Amino acid sequence: MTVKIQDLHRVRQGYHLEAGRTYSLNSEAYTDPRCFDVEQKSLFSKNWIWVCHVEKLREPGAYVAMEVAGHPIFLTRDKVGKLRGFYNVCKHRAHPLLSGEGKAKLLTCPYHAWAYDLTGQLVRAPHTEDLPGFDTKEICLDQISVEKFCSFIYVNLDPKAEPLAKQSGDLGKEIMHWAPDIAELTFGHRLTYDIKSNWKNVVDNFLECYHCHTAHKDFVSLVDMDTYKVTTHGIYSRHMAEAGTSENSAYNVSNASVRTHALTSRSVA
1 MTVKIQDLHR VRQGYHLEAG RTYSLNSEAY TDPRCFDVEQ KSLFSKNWIW VCHVEKLREP
61 GAYVAMEVAG HPIFLTRDKV GKLRGFYNVC KHRAHPLLSG EGKAKLLTCP YHAWAYDLTG
121 QLVRAPHTED LPGFDTKEIC LDQISVEKFC SFIYVNLDPK AEPLAKQSGD LGKEIMHWAP
181 DIAELTFGHR LTYDIKSNWK NVVDNFLECY HCHTAHKDFV SLVDMDTYKV TTHGIYSRHM
241 AEAGTSENSA YNVSNASVRT HALTSRSVA
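Numbering (this note's numbering), first residue to last: 1 to 269.
In case anyone wonders, no lab produced these hints; they're calculated from the structure. As the structure is a computational prediction, the values presented were derived from the model and not from experiment. In this text, a Cβ means the ideal position worked out from N, Cα and C, and glycines have one as well. Just to be clear, a hint being listed does not mean it is correct.
Each computed DSBU-like pair below joins lysine-lysine, with the alpha-carbon atoms no more than 30 angstroms apart [claimed, not checked]:
#, residue 1, residue 2
1, Lys-200, Lys-173
2, Lys-41, Lys-56
3, Lys-173, Lys-137
4, Lys-91, Lys-137
5, Lys-173, Lys-196
6, Lys-217, Lys-200
7, Lys-217, Lys-229
8, Lys-196, Lys-217
Derived DEER-like restraints, expressed as beta-carbon distance ranges [what the hints assert, rightly or not]:
#, residue 1, residue 2, range
9, Asp-78, Leu-131, 38 to 44 angstroms
10, Glu-129, Ser-42, 41 to 47 angstroms
11, Asp-32, Thr-214, 28 to 34 angstroms
12, Asp-130, Pro-159, 31 to 37 angstroms
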């Protein structure tokens, strides 16, 4: 059966160009496995996906392994400092080469010990020295597109994808304006949540602040909510608000000089 994304993402009768007069997506868009399969192939496999801050991949041999759109991948930096991305699949028996993050001089498969250098080239395969017609130079890991953008690393499984820097308009300039020291950030702490929900539910809730007064009282006391504004710019949206003028329950900002709070988020759709 062929399933078209417009069939799964249709809206109820009564759709209106004015957001306030329209409805959200039908429930199938959040629950139908066929819809998620289409999104994996049409959205997550063809858009730039955030992986990490450049800090994790500053040094040659550093690597980060993850999954994108159901595909295992990893990123590394080779000996001359070039960022590279690969499918995390050994060319012999398709075993994963790496997990998590770390540092390595060779990428060695834990199954049959096939070893690849940091450019993805096979350099050693045990007991193949006398195998007729076998040449390690003809075997290389499958590469994926990787890009550093404002000191963050992104990947794209689509080899024909337009560079993120070109897609994103003035986003880079805006980020550097609000966070000129972003390249010097260092890892502090990670919080991980297992959310039993469709990804669109999470994005839908993040992109509105209708719930803020109820669910985020500390945040509401920190900013002037009368100035909170969301603006869309192509593939990203910008959330801006002036700092509050009264005491707040979030942070001690008595000596703060910044009067504007910015949160810029990127969307895959």
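To see whether the hints hold, each was checked on the structure:
1. For the suggested pair Lys-200 and Lys-173, the alpha carbons sit about 28 angstroms apart, so the restraint of at most 30 angstroms is met.
2. For the hint linking Lys-41 to Lys-56, the alpha-carbon distance of about 28 angstroms falls within 30 angstroms, and the restraint holds.
3. Proximity of Lys-173 to Lys-137 is assessed by CA-CA distance (about 42 angstroms); at most 30 angstroms being required, the pair is judged violated.
4. Straight-line distance between C-alpha atoms of Lys-91 and Lys-137 comes to about 13 angstroms, which keeps the hinted pair within the 30 angstroms bound.
5. Between Lys-173 and Lys-196 the alpha-carbon distance is near 36 angstroms, which puts this suggested pair outside the 30 angstroms criterion.
6. Taking the CA atoms of Lys-217 and Lys-200, the gap is about 24 angstroms. The hint holds against a cut of 30 angstroms.
7. Proximity of Lys-217 to Lys-229 is assessed by CA-CA distance (about 18 angstroms); at most 30 angstroms being required, the pair is judged to hold.
8. Between the alpha carbons of Lys-196 and Lys-217 the distance comes to roughly 24 angstroms, so the proposed pair stays at or under 30 angstroms and holds.
9. The given range of 38 to 44 angstroms is broken by Asp-78 and Leu-131, whose C-beta atoms sit roughly 27 angstroms from each other.
10. Checked against the hint of 41 to 47 angstroms, the pair Glu-129 and Ser-42 passes, with Cβ atoms roughly 45 angstroms apart.
11. Taken as a hint, the range 28 to 34 angstroms holds for the pair Asp-32 and Thr-214, whose Cβ atoms sit roughly 30 angstroms apart.
12. Checked against the hint of 31 to 37 angstroms, the C-beta distance between Asp-130 and Pro-159 comes to roughly 36 angstroms, which is consistent with it.
In this structure, the earlier hints numbered 3, 5 and 9 are contradicted, and the remaining ones agree with it.
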